[in-house]
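Chemist: Here the sequence shown stands for residues 1 to 495, numbered as in the working numbering.
Since the hints were made in silico from the structure, they are not lab data. Errors might be hidden in some of the hints.
Simulated DEER-style distance windows between Cβ atoms [stated by the list, open to error]:
1. A9 / R149: 21 to 27 Å
2. A18 / G349: 49 to 55 Å
3. G128 / P186: 45 to 51 Å
4. A343 / M1: 28 to 34 Å
5. C25 / R346: 25 to 31 Å
6. S258 / E141: 31 to 37 Å
7. S415 / H241: 51 to 57 Å
8. S417 / P186: 32 to 38 Å
Glycine included, every Cβ here is placed at the ideal spot set by N, Cα and C.
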Amino acid sequence: MPSASLLAAWRPEALGAAGRVLLTCAEELSLVGLLCAGEVEWVGPGSVEQRLAGERLNRQAALLGGALRDLGGVLARCASDLTEAQADLAAARWLAAASGWSLDDEGVPRPPAAVGHATAAPPREPAGARERARAALERAESADRVAARAVDSALLAVADPARTSTPWAPGMPRRCGLVAPVRPAPSEPDDVAAWWGALDDERRLAALRGGVPSLGSRDGVPAEVRDLANRRALREAMAAHPSPARRAMLAAVERAISAPGRRLALLDVGQARAAVAVGDLDSAEHVAVLVPGMSTDVTGDLGSLVANADRVRSVAAQLSGTGEEVAALAWLGYITPTLTTVASERRAGVGALQLAPVMRGIRARNPRAHLTLVGHSYGSLTVGFAVQQGAPADDVVLVGSPGAGVARSRDLGLSASHVLVGEAPGDAVARLERFGPRPGGTWFGASRLPTGPGTDPRTGERLRASHGHSDYYSAGTTSLRAIAGVVAGVGPGSG
Numbered sequence: 001m002p003s004a005s006l007l008a009a010w011r012p013e014a015l016g017a018a019g020r021v022l023l024t025c026a027e028e029l030s031l032v033g034l035l036c037a038g039e040v041e042w043v044g045p046g047s048v049e050q051r052l053a054g055e056r057l058n059r060q061a062a063l064l065g066g067a068l069r070d071l072g073g074v075l076a077r078c079a080s081d082l083t084e085a086q087a088d089l090a091a092a093r094w095l096a097a098a099s100g101w102s103l104d105d106e107g108v109p110r111p112p113a114a115v116g117h118a119t120a121a122p123p124r125e126p127a128g129a130r131e132r133a134r135a136a137l138e139r140a141e142s143a144d145r146v147a148a149r150a151v152d153s154a155l156l157a158v159a160d161p162a163r164t165s166t167p168w169a170p171g172m173p174r175r176c177g178l179v180a181p182v183r184p185a186p187s188e189p190d191d192v193a194a195w196w197g198a199l200d201d202e203r204r205l206a207a208l209r210g211g212v213p214s215l216g217s218r219d220g221v222p223a224e225v226r227d228l229a230n231r232r233a234l235r236e237a238m239a240a241h242p243s244p245a246r247r248a249m250l251a252a253v254e255r256a257i258s259a260p261g262r263r264l265a266l267l268d269v270g271q272a273r274a275a276v277a278v279g280d281l282d283s284a285e286h287v288a289v290l291v292p293g294m295s296t297d298v299t300g301d302l303g304s305l306v307a308n309a310d311r312v313r314s315v316a317a318q319l320s321g322t323g324e325e326v327a328a329l330a331w332l333g334y335i336t337p338t339l340t341t342v343a344s345e346r347r348a349g350v351g352a353l354q355l356a357p358v359m360r361g362i363r364a365r366n367p368r369a370h371l372t373l374v375g376h377s378y379g380s381l382t383v384g385f386a387v388q389q390g391a392p393a394d395d396v397v398l399v400g401s402p403g404a405g406v407a408r409s410r411d412l413g414l415s416a417s418h419v420l421v422g423e424a425p426g427d428a429v430a431r432l433e434r435f436g437p438r439p440g441g442t443w444f445g446a447s448r449l450p451t452g453p454g455t456d457p458r459t460g461e462r463l464r465a466s467h468g469h470s471d472y473y474s475a476g477t478t479s480l481r482a483i484a485g486v487v488a489g490v491g492p493g494s495g
């Protein structure tokens with residue numbers, strides 16, 4: 001088992017970067033295999049030998065590419081596990097230090113040294129410190145073993161790729177079924193959409209069968225295709241005997257997509273990220289993307305986030321024009337901050353880099369849709385950063401916002417009528433002004449989203465007020481009706 005000092009010194013971000021490089025190399029090897037097999041028919045002397053050599057190189061490139069792809073995926077997952085282990089170790093040290101204790105290199109809490117000739121009983125060991133440290137070291141040891149086995153397997157394949165290849169024989173398919181004839185996908189959503197549109201049915205099927213790594217995470221790929229690819233990845237991850245924590249996360253995703261009409265828009269097992277769409281993002285006239293805030297994760301919160309999206313979509317569909325479709329995306333595609341990291345803008349900055357391509361991908365596939373970004377709590381900062389980075393949005397809704405990362409609403413590139421801010425009574429977070437001026441303040445220049453008691457102007461139904469920080473999406477509230485009105489393009493109403 002690694003020592004606490006060794007775990008603290010490890011660099012999981014470098015391991016994750018190495019995993020991403022290997023995945024890129026695997027795609028390049030697949031392309032090399034295609035070039036070796038070639039589309040050219042060899043003629044003349046030596047044509048049979050040339051064809052056989054091309055097929056052999058194609059098979060070897062496929063085997064090597066598969067080994068690198070597997071290794072890259074394992075390293076990325078191990079990097080995530082090590083990051084979590086380091087966070088657990090830091091938490092254990094904090095728990096110990098809060099009581100005047102310390103952790104030794106084995107993760108064992110040590111009491112403070114005695115002062116003078118004091119005879120008082122030694123202070124009690126801080127609760128949870130030993131368990132958190134032990135769990136951190138065990139997780140690090142497990143990640144280390146998994147990575148070592150993956151490296152050994154990859155080295156074996158690299159050392160003798162022909163050892164496991166099947167001899168070519170006349171009549172076999174040109175590519176022996178090992179390398180899909182699909183060129184690597186680009187990264188920009190607009191380019192991805194164009195790339196997918198240019199593929200014929202055979203190549204699309206090959207991509208869906210695994211010819212394009214992480215197809216379900218490619219912004220710009222059709223929503224239905226991403227759902228199929230991600231559901232397949234979910235089944236494979238469940239069958240791989242994951243750890244109890246990982247299994248709980250995957251089970252939460254399974255539950256979230258079990259209802260009809262739900263599509264798995266994102267599944268990142270290594271980083272524990274996911275997004276679930278309610279409705280068709282590619283065809284809906286109105287699309288809402290809901291971004292959550294602090295301490296939300298897939299295991300504990302994805303189900304409630306999807307329920308929020310479902311309520312927003314349902315009410316917006318009632319308010320929209322006849323025949324107009326509404327879709328909503330519950331996006332937990334970034335690692336949200338915890339209580340100890342929420343004061344920093346870092347997680348929002350990283351999240352914005354992940355959110356902006358999502359919005360560009362929706363726009364690329366559905367250019368006429370009315371897009372609304374809804375950020376709750378810390379998620380409003382993520383939304384603010386994403387819009388500043390070019391995420392397309394016709395309307396931005398900020399609820400329970402401690403700041404959007406801008407001084408004025410116009411800095412988001414939208415007029416005041418298209419930036420709406422909701423502050424419920426008793427919501428202290430909305431008055432923190434931690435990440436810029438208070439969005440609900442007059443000087444910020446945004447429109448107000450009603451949160452008090454009121455009446456639905458369309459149906460006459462009485463609506464109750466929202467209270468506190470987590471009531472904005474609750475059924476029967478003025479705030480839910482107002483958010484849905486913005487999503488439907490009819491405005492928030494008077495409440």
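Chemist: Work down the list of hints and note, for each, if the structure agrees.
Modeler: Against the structure, the hints come out as follows:
As the Cβ distance of A9 to R149 is approximately 22 Å, the hint placing it in 21 to 27 Å holds. Hint check: A18 to G349, Cβ distance near 23 Å, so the stated range 49 to 55 Å is violated. Between G128 and P186 the beta carbon distance is about 47 Å. The supplied range of 45 to 51 Å therefore holds. Range check, A343 to M1: about 33 Å between beta-carbon atoms, so the 28 to 34 Å window is met.
One distance hint, 25 to 31 Å for the beta-carbon pair C25 and R346, holds here, with the actual separation near 29 Å. For S258 and E141, the hinted distance range of 31 to 37 Å is satisfied, since their beta carbons lie about 35 Å from each other. Look at S415 against H241: about 53 Å separates their beta carbons, and that is inside 51 to 57 Å. Checked against the given bound of 32 to 38 Å, the beta carbons of S417 and P186, roughly 36 Å apart, stay inside it.
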